[in-house]
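Student: Each chain is listed here by its residues.
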Amino acid sequence: MTTEVSTDKVEETIYDGLVELGTERSALSREATLESLDIDSLDLVELAQIVEDEFGVELRGDDVKDVRTVGEVIELVVAKAG
Amino acid sequence: MPPDPAPQNQEERGCALVTGASRGIGAATALELARRGWPVRVNFREDEEGAREVVARIEAEGGAAEACRGDVASVEDVRELVEPGEHGPVLVLVNNAGLRLDGLSPQLDDAQWERVLDVNLSGSFRTIRQALPPMLRARFGRIVNVASIVGTKANAGQANYAASKAGAIGLTKTVAVEVARRGVTVNAVAPGLIETVLTEGLDGKLAEAIPVRRVGQPEEVAACIAFLASEEASYVTGTTLTVDGGLSA
Numbered sequence: 016m017t018t019e020v021s022t023d024k025v026e027e028t029i030y031d032g033l034v035e036l037g038t039e040r041s042a043l044s045r046e047a048t049l050e051s052l053d054i055d056s057l058d059l060v061e062l063a064q065i066v067e068d069e070f071g072v073e074l075r076g077d078d079v080k081d082v083r084t085v086g087e088v089i090e091l092v093v094a095k096a097g
Numbered sequence: 444m445p446p447d448p449a450p451q452n453q454e455e456r457g458c459a460l461v462t463g464a465s466r467g468i469g470a471a472t473a474l475e476l477a478r479r480g481w482p483v484r485v486n487f488r489e490d491e492e493g494a495r496e497v498v499a500r501i502e503a504e505g506g507a508a509e510a511c512r513g514d515v516a517s518v519e520d521v522r523e524l525v526e527p528g529e530h531g532p533v534l535v536l537v538n539n540a541g542l543r544l545d546g547l548s549p550q551l552d553d554a555q556w557e558r559v560l561d562v563n564l565s566g567s568f569r570t571i572r573q574a575l576p577p578m579l580r581a582r583f584g585r586i587v588n589v590a591s592i593v594g595t596k597a598n599a600g601q602a603n604y605a606a607s608k609a610g611a612i613g614l615t616k617t618v619a620v621e622v623a624r625r626g627v628t629v630n631a632v633a634p635g636l637i638e639t640v641l642t643e644g645l646d647g648k649l650a651e652a653i654p655v656r657r658v659g660q661p662e663e664v665a666a667c668i669a670f671l672a673s674e675e676a677s678y679v680t681g682t683t684l685t686v687d688g689g690l691s692a
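Chain order of the listed sequences is A and B.
Everything in the first sequence is counted per our numbering, starting at 16 for the first residue and increasing by one.
Everything in the second sequence is counted per our numbering, starting at 444 for the first residue and increasing by one.
Fair warning: there could be bad hints in the mix.
[To be verified] Listed below are several chain A residues computed to face chain B (Cβ distance under 10 angstroms; list not exhaustive):
hint, residue
1, Leu57
2, Val60
3, Glu61
4, Ala63
5, Gln64
6, Ile65
7, Glu67
8, Asp68
9, Thr84
Worth flagging that the hints you see were computed from the coordinates, not collected in a lab.
The beta carbon of each residue, even a glycine, is placed where N, CA and C say it ideally should be.
The whole structure should be built from the sequences, with the hints applied where relevant.
Tutor: Written as structure tokens, this is what we have:
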């Protein structure tokens, strides 16, 4: 199931996904690094699955290997969906 | 941390996929998993009749199953095989599809080498890659790869088969440690001489070399696979369970 992709919607989905993976919502911001949120490589695999389920966008290993911040994840998804 | 609670109704959580399940070890495994409450996708590549018989046997015992055509050498087929369906995502994956194209190494051509690696080893990788994300999300998954004692013990004439099965053991160990912290286990079984079409034509005298003095039955391997696929096996991962009547002891 895919939905229309807006930056706000992607941000909401990524934030919800990160909370589901154990991050405190209060710690979330676009500037926050994945490392500071304790998001590891396996968490990113799960986040990619959430994004794929929601937006039909596939994120592969090469896509996310250089991503550092939450904002970069959001930008990546928006760019791939566009 | 306590183990995941045992599912009361597996069919509400997901299903099992057994590749190459139209006969032999795959068929016996599909039957055993169904008896343990899993709706089962009975995969076949060519033998639709065999797969339908397995489905009929499962249904006759009160279980749920469907025959699913698909070649594990095809990325597209694997995608369809693993796609979540009416019984939810695949939470138990048994990679059993395999073939033999034997010959002494100097006489094995590239096609024989590549076909065996492509089905036996790469096929397992393709299904694992596709099945893992939903398992990670579910915080539960069981993957069992059907290797062979030939993966650890030489058998002349099977360089391609041995390489594929040794590869399956390495694949098992590596994926196991990658996903262990999400409640997903990955193990292998290494059958010895089992009475299936793959062992037809092998020297009958081989049985004399087996400590139990007989070839194994598919059901004896299926029981081990079903254990590794069970909730009870939650602390077993990255291992290979040898099922060979003592042959490699």
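Student: Now tell me if each hint is right for this structure.
Tutor: Do the hints match the structure? See the list:
no., hint, in the structure
1, Leu57, "holds (7 angstroms)"
2, Val60, "holds (6 angstroms)"
3, Glu61, "holds (5 angstroms)"
4, Ala63, "holds (7 angstroms)"
5, Gln64, "holds (4 angstroms)"
6, Ile65, "holds (8 angstroms)"
7, Glu67, "holds (8 angstroms)"
8, Asp68, "holds (9 angstroms)"
9, Thr84, "violated (23 angstroms)"
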